[in-house]
Every structure is written in C-alpha cells, then in structure tokens.
Amino acid sequence: MDSTIAVSGETRATRLRRCVMAHEPSVCHERAAIVTDCYERLAGTLPPILLRAHALAAVLDRMSIVIGPDELIVGNQASRPRSAPIFPEYSWEWILEELDTLPTRAADRYAVPPESREALQGILPRWRGKSFRDRAVHALPEDVLRSHQSLLFLLTSMGCGVGHLAPDYARVLTPGLSAIAREARERLTALDLTDPGAIRKRDFCQAAVVVAEAAIRFAGRFAERAEQMAAAEACPDRQAELLEIARICRKVPARPAETFAEALQAFWFVHLIIQIEANGHSISPGRFDQYMSPFYEADRTGGRLDRDGALELLDCLWVKFNEVMKLRDKTASIGFGGYPLFQNLIVGGQGVDGRDATNELSYLCLDATRRARLPQPSLSVRVYRETPPDFLRAASELAREGLGLPAFFNDDAIVPVLQNMGVPLEEARGYAEVGCVEPQVPGKTNGYYPAGFLNLGKVLTMALHNGTDPVTGKQLGPADPEGQGFACYGDIVAALDRQLDHVTRLLVTGDNILDELHGQLAPNPFVSLFVDDCLARGLAYEQGGAVYNYTGPNSVGLANVADALMAIKRLVFAERHIEMDALLAMLDQDFAGHEGGRLLLLNRAPKYGNDNEEVDGIARELATRILTGFKQYRNPRGGRFEPGLQSISAHALFRDAVAATPDGRPAKMLLADGGISPAQGRDRRGPTAVIRSAARLDHREASNGTLLNIKLSPQSVAGEAGLENLVALIRTYFQLGGQHVQFNVINSAILREAQRHPEKHRDLVVRVAGFSVLFTTIDPVLQEDIIERTEHRV
Amino acid sequence: VSEPAADPSGIIFDIQRFSVHDGPGIRTLVFFKGCPLACLWCSNPESQRFDPELLFDPTRCLACGGCVEVCPHGAVWRTGEKLAYDRGRCPACGACADACPAEARTVAGRRVAAKDVVAEVLKDAPFYANSGGGVTLGGGEPLAQSDFAREILAGCRLHGIHTAIETCGHVPWGVLESILPWTDLFLYDLKHVDAETHRAQTGGDIALILSNLERLVGAGASAIVRVPVIPGFNDTAEDIRAIAEQVARLGIAELHLLPYHRLGQNKYLLAGRRYEFAGGDPVGDGTMTSLRDVAAQLGLSVTIGG
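These protein sequence lines are chains L and V, in that order.
Position one of the first sequence corresponds to residue 4 (this note's numbering), numbered consecutively onward.
Position one of the second sequence corresponds to residue 105 (this note's numbering), numbered consecutively onward.
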C-alpha cells in the first residue's frame, strides 16, 4: 500500500487523480448479471416499484466493492474505477450490437474485458421484448419514431433513466437513512388498506424500507472491508485511515453525520447509489456549500479540522465524481461527447432570506476544482447583486484557467423565472442548477429535462421544402398540396411556424409517452427518498411524487435559423440580390458552384451575435415563438412544459442531418453551439457585442435555461486588469438579464485549429503587443509567433 | 474652453469594442484615419493616409467578376480566368467592395458623423461602468481631425464615459488645449528624444512633441507615456534611459514599453504597398525586461505592453 505522502512530496489528490485517470473507461457486467437474475425471479410477482427496490438491494449486496489506495471517501459504482455498469432493463440491443465497436468508435471509447463481453452476450438477449426501450418503441407513434430516427429531434429518455435532479442530500446528513426507513415503516403501519390510495402507498413504503436498509448494508460492507484491510496494513498512518473509514461507514448513511468527513461520506453513498439504481445522468449535488457548511463549521470550531484537511477531503470527493460512468450508444456518444455526467455542484448566491449565502466552503470548492483539474463535478457559481466582489473574482480567476469551469448563473434573472413557474420566492432563492443550465428547487422537482432536443436547422429546411426533409427525402412535416410559394418574407415565417407547430406536437407526444412509461415501468424508490413529497404521496419521482413537475425540451440551432431568416429577409426580399428560387436551387446543390452566393448569404446580411438589433430581434422573436409553443402543453405528472435553449453537444450530432441552410452554412457544417451562442466564427465584434445580442433574447421565457458560451483568449483576461474585465463581462451580462455564461479561455491547440479552419474562428481575439487583433486576420508568421508565446505563458 | 462645432464628421477605419489594452478597463477604440508622421515600422499602414483606400486580398477572391460589373473607373477587368486590378485608376469609391461577396475587396476608411461614433461607443456603456473603462481615440492620429475628435470626446463625456486619446503629440498646442477639457487620459507616444534620429525615422519634430507634453502636464492633464520599442531605433538602454529621464523630469509616473511587432506586414500587401522597415527582429523578452528595469530605476512605474 502506498502511503508515502511526505517522501514523494505529492498530495493525496495527485496520487488519487493519477490512479483513477489511469483506468481507461471500460464496461462492467456485474450489475447487469445481478439485475437480470433478480428480474427473472421476481418480475411476475411484484409491482414495478418493489421489483426495482429488490433489484437495487441485490446489486448493493452482491456487487464488488473496492477501497482504493489513498482513498478517504469510499464507494464504487462498478467493479473498477471508471467502469460503466450496464442497465439492461432500460435497453440492451444496442449494447449487444456495439460491443465490438465500443473500444474503437470515434468518441467516448470503452474497453470491453473478455469476461464482460462473454457475460453480456449471454445476459442481454434475455431482455428481448422486455426492456423499457422495447416497450417504448411499440408505444411511440410511427411519426414520432420516424422524426427521432431522422434526427428532426432527439428523444433522450428512450433507453435510460430520467435522472436530472438535485436530490435533497441534507436529509441523509440529518436524520439519516435509518430515520427515513423508520418513517416509511410508520406510514405503513398507519395505512388503512380499505382506502383505495393505500395500496399504492403500501407498495411505495415497502420499497422505501427495502432500499434504505440495502444502502445501510452497502455502507456496512465497506466498513467490514476497511477493517480487514486495516488488519493487513503495514503502514500505521494508512491503517488509522482505514479504521476511520470503517468507523464512518458504520455510522453513515444510517445515522446523522456529525463531522465533515462523515457528511461527505454520507453524501457520496447517496449520490452513488442513485447512479447504481438507474442510469439517468445529471444527478446534481446542488447547493453543496450550503448543506455541507454546518459540518465544516462544526469541525473548524471544534478544532477537529483545518483548511488543508478539509481541502484534502474535498480532493478525494472531487476525484470520485470522475469515477462515475454512463455507457451511451454511438449516437449519444456524439450528442453527449466527452463522458459527461453533468454532476452540477453550485456554490454561492443568496439564502432564502435574500441575503448573500457565500461561505468559506464556497471558496474551498473553487480551490478543489483548481487542484483537481478534472471535468467533474460541473462546478457552477451563483451570482447576484450582493455577491461579494472577492468571491466573484476568485471564481473568475478559476474560469480564466481554461477549464471552462465554473459556469456562472444569475440569481437576479433565474429567481424570477422560477417565480413565473409558480415557485414561492423563498424556494426560488434556494434554486440549484441541474445538468447544464436547468434551474430547479432542489429536492422537490422532477423537471424531466431529458425531454429531447429539437433540431431547428432541420425544421427550417423542411419549411423551405413543403415539409420534406431534404436529407432523407422523407415527408416529416405537413405539406401544402398546392405546393409552396414564397412571395414575401412573411410567407417564410408562416411556413416555418407551420412546421414548428407540427414538430412541437410530435416531440411533446413522444415526451409524454416516455414520461408515462417511466412512471409505469421504472419507478425508482431510492432516488424518491430524496425528493419531496414522494414518500407522503406514495408516488415515485417518475410518477409525479415531486412537488414540482415540469418537462424541459431544448432547441438547437437558434442562431443559424435567425441568421438564415435575416439573410432571406434582406437579400431575397429587401435588396433583391437573389431570387428565392435561385436560393432554393443553390441550397439543393449544397452551394456546389455557388461559392459566391454562399458568401453573399454569409457576409452580406447581419448575423446574430454582433449587437445588430434587426437580426437579434429575429432571434428573439423566434426563440419566444418556440418557447411559448411548448408552454401550452402539459405532462402526465400534472406539470407544464418548460422549455430551454441549450444544445449540450447535440449540435454535433445534428451536423449531418441538416441540409444546407440560407445562412450560408453548407450541409454537414455544425449548427451553433451552446443554445444562444452565435454561430461559430460569425460573432466578429467581440464579447461585449455577443453579450448584448444574447441579452436581447427574452430570458424569462426560457424556463429550462439558456446557455451562452464565450471564447476568450488567455491574453485578454491576463493579469489583475484582465481579471477585472472578466468580472465586468459577467456582471454586465447579468445586469442585462442573462441567465448563464461560461467561458472558453483559448489555448494554443485551439489557435492551431484556427489556423487550419480560419472561417470557423473569425471571432477569436488575441493579444499581440500593445493591442489586440482578430487572430485569423493576421498573417501566418505572426500567428506562429502568438501560438508560441501562448504556449509558454499559459 | 471652446464649444464643439455642430455635428462635425471625420474619417475612421475601424471601431473596435472590448479593447482591453488601450487605457483602463473595457474600452471601445475608435481608429482615426490619417497621421502626420510616417513611421516606417507602422503596424497600421491603412491608418496613415487621410483618404479611404482599397484593400485587396487575393487569397479571398473568387474571381466571380461582380466587381468588374460595377466598377465605374475601369480599374478591374477580366483576363481569362482571373481578374486584373489597376490601383492607379482606383479612387477607392467602394462600389466593388459593396459587390464583393467574399470580402476580398474592402475599403479602409469611411466618413462618419461624430454623433454616430458616440452612439456606437455608448452601446458598451454598462461594460465601462463595471470595469472602469471607456472610450479611446486612436489611429492614425486623432488630433489630425481635431474638431471631430473633440466632438466625440465631449459627446462621450456628457454621457459620463471615461475618455482617453492616443496621440503622437505632433500637433499645434492649441489643438491639444482644445480637447483638454474633454479628455481624462492621454496615452502619449514618445519615440526618441534625439531630434535628428526622430526626424529621420518618423518625419516629425521631437521638440514640438516634448513641449506639448510639458504643457499638457502643466495644465494638469493625466498622461501615460508610451514608447514603441523599435529594433535599431530606440532599443538600447541609452535610448530608453534618455526617454525615461524626460518622462521623470516632467513628473509623469507611468511608462509603457510596447515591443515592436510585424503585425501589419500583411496589411501593406493588401493596401498595395511595400513594407520597407528593415530594422531587424522584434526585441526579445529578455531585452524588454532589462529596458523596463532601466526606466524603473528612475522611479517610473513601467509596464511592458499596454
């Protein structure tokens, strides 16, 4: 056992990080084997909620457990670090088909050990006709399925859990799982089984007891293992650590945590088990600095812990966040590239009383991310009028290190958004972000954020082709039997509206069917313990047990469509540079032989992201049109559709599915990233212009969040003055009403890419000497010069 | 204090927002066209002449011929697959630039009203407020169009915007005096203190520049002196010490040393001109640091870069 902290001079975090990241992502079949066995024995005899409970209990009792060298926080998701458990009850066929290509595919590769391969080949076919996906495919109408397959939209909860929540972790810290199990038992005893609602409640409460007790046993297994390891450990320091791990795991998550270490361990067990129970991603720690702070403060006040000790514990936890894996199919590996788990941990912001709630732990979380230099957790920072300048500076300092972390969120915009959704002010002030940018009341919400991504680029091309998708040739939308004529710009907008209405209905239909199926087939009892009012209502998270129930679909390619509408409006109908028929012909030929025409569309009409009121106005109108279109619909859990504007990396997935568009974008070129970011390379007037354009959208309507990426060169935010400028960008965007912003502080690799593809990076500002320039406008020798300087300065 | 004239206009060639190295905070930099000096190393060759000029980038040209159709001067014509262009016949009217989809032909320089420049500057007002930034007039030489410059400065000031001007100081004192009430910060170029050397390389009179600076300081203006460090011209310790001594003597606290670069080389080609400066390679980081130390020894606060 390696316990040579003093000798090596390395921190524990460095060793843990290296140890974990040395494991290449792989597939683990253990969970699949246990769950399959369990379902085959019990499926006919138990209601789904109890079946799920017993399957989870079996996994927690039987799966391999591991305590790694140097670990202080324990608990593994599968048999090796960074190995992905399999959830065949959700979907299986694609795994079988892709077993051979998982290790070699283009994005997010996974090793498949021979024993896992063999086991999965045996296990997976046993799910034929029984998995969630098998049922979903039969339940979805043909037109919905066809639209999904053609990537008119992407349904993202057909073959995995719902996930996407900030659980109420505080309740495992106090009172702990034993008390929760006790409450469930008391409710059981109190039930009057002649009451028709009581049967459902009985099933739910029984399931609650099963999973709460299984989680306590799971922790007990770690205690036992730690004791065994301690007995065999030669190094006295490590031996003491192992005995402390054992002590903690005997205490939490069953009983209330009292120390910071106990609280972190209890948190981790819950966070982990939710991700063993089901494979919905975006399980978000939420306001970690708020619910953990009492434990940290108590340890500090009691002299049990110093700042460094606390940071070391956070280091251990931060590495753990990166051990969790989710296997995705080939399509999703593009749409969700980079092994993301979206574990959004948010610090800072106001308390329920409206006063600043930033505390010492908020700062420590920034430090932990700086030290870890790892993608998870998805660190976020809440900012509002009264956020301490020191804290915003510290967060900005981290942001300019180039990790893309933290993301910044604006209380002053988001709290009113939640109030508009019917949330009382005090609860709205306690919001957390889930996944990327989805705001919610933590511990009370099923926002159903995996409600899919609408491909606006394709909707536009369908509008120009009377409902036909030019890529597949399929009639995906409504057609005018008389054929289409575009006599004026208004005709274009009307055609787009018509397709938009249609595709909105299709996506809502798909969402509601899948939502309903999740409630029927895969209610998850463990996660439901951490969401109000599941236990009281006897309804799972997926069944409407939450206090707040939304459905949050997203739209991709807003900037492209706004730019395209602007180009048509200006160049076809106002200035008559080009005939509509000629434009359509040019698009159908993917601009082959029409480079001049393409550049005309690209360069001769204003583009969103340059602080131009006309095209920004088109973007605003379009965004509001899309958002309000969704808001008229309701979901099976009694809630409303609350849409947002974000893309994750769905814009990459949609790339091949969108024909040439009138913004001068050829087929197979990426749609705009982010959600409200300008199309790549088209924002040529710098970040202040981008911010003013983005702020022109109506952020109050985007109740599922807006996502703005801004690229900055490291030089433009270097030094004390640069830091203040970064802070000013954030402050100003938020004063103007933006919800979220994150920064890519560009390194030399991007500059290299910019050399190869200057057309995509025309917005890149670099510092040369006494002033700044657009990188792509300077000659190659100087580009070379700047790249070299950047490399040794950053 | 003279009142600004009614709605003057002038020629600029760019307005750059989020300019973060030309005065404090986030700024908008207005590039004036035309300069009384003619420094060989100038990195903005399109800033030197007072009239609009056509920039042509052959690497972007599609040879679509749109320019041939619209050129009223017969300055562009087709020869086989390619296009030919005679700059001698081109008054840079911009008809071709308007017709060019590829941005191969652009015009550097446009006449704009001061109030329109102010309106553009005001767009980023909240960014200035949060960062302590504002507007900076640069170029070119803003004071070569002094009524226009004064109108912009005054217009911005009336809206509470911090104002700065980058100037070579080679103007009659009365011009500086007239903008003084509207200017919060002077970024004042000082390239060399030897009259002969200065005249030979820039075409300007250092005595005028120095006396203007002295009078500015005497009038209570806030100034930062900026020195472009040019190889073979002013890159020795003696050169910098001599400049720094003047700066210290005048009681100016801050000095910026701006390393020479070849950024503008390509723009000479686009403007159909030759880059004639042959002073040598940019001054290295080590030399810049030692030059900074030389000036710092005189008690100045010295920054490399803006």
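These are computed hints drawn from the structure, not numbers from a lab.
Just so you know, not all the hints are guaranteed correct.
Straight-line distance between alpha carbons at most 30 Å, and here's what the computed DSSO-like set of lysine-lysine pairs gives [stated by the list, open to error]: (1) L:K763 x L:K671; (2) L:K447 x V:K186; (3) V:K219 x L:K763.
Derived coverage of chain L by chain V (criterion: at least 3 residues anywhere in the stretch with Cβ under 8 Å from a Cβ of chain V; other residues may be distant) [unchecked claim]: (4) 349-355; (5) 683-693.
Here are the computed distance ranges between Cβ atoms for each label pair [as the list claims (entries may be wrong)]: (6) V:A223 x L:R759: 50 to 60 Å; (7) V:G324 x L:L428: 44 to 54 Å; (8) V:H263 x L:E429: 50 to 60 Å; (9) L:E762 x V:A223: 23 to 33 Å.
Note that beta-carbon positions come from the ideal geometry of N, C-alpha and C, so glycine has one too.
Verification of the supplied hints:
no.	hint	result
1	L:K763 x L:K671	holds (14 Å)
2	L:K447 x V:K186	violated (68 Å)
3	V:K219 x L:K763	violated (34 Å)
4	349-355	violated (count 0)
5	683-693	holds (count 5)
6	V:A223 x L:R759: 50 to 60 Å	violated (38 Å)
7	V:G324 x L:L428: 44 to 54 Å	holds (52 Å)
8	V:H263 x L:E429: 50 to 60 Å	violated (40 Å)
9	L:E762 x V:A223: 23 to 33 Å	holds (31 Å)
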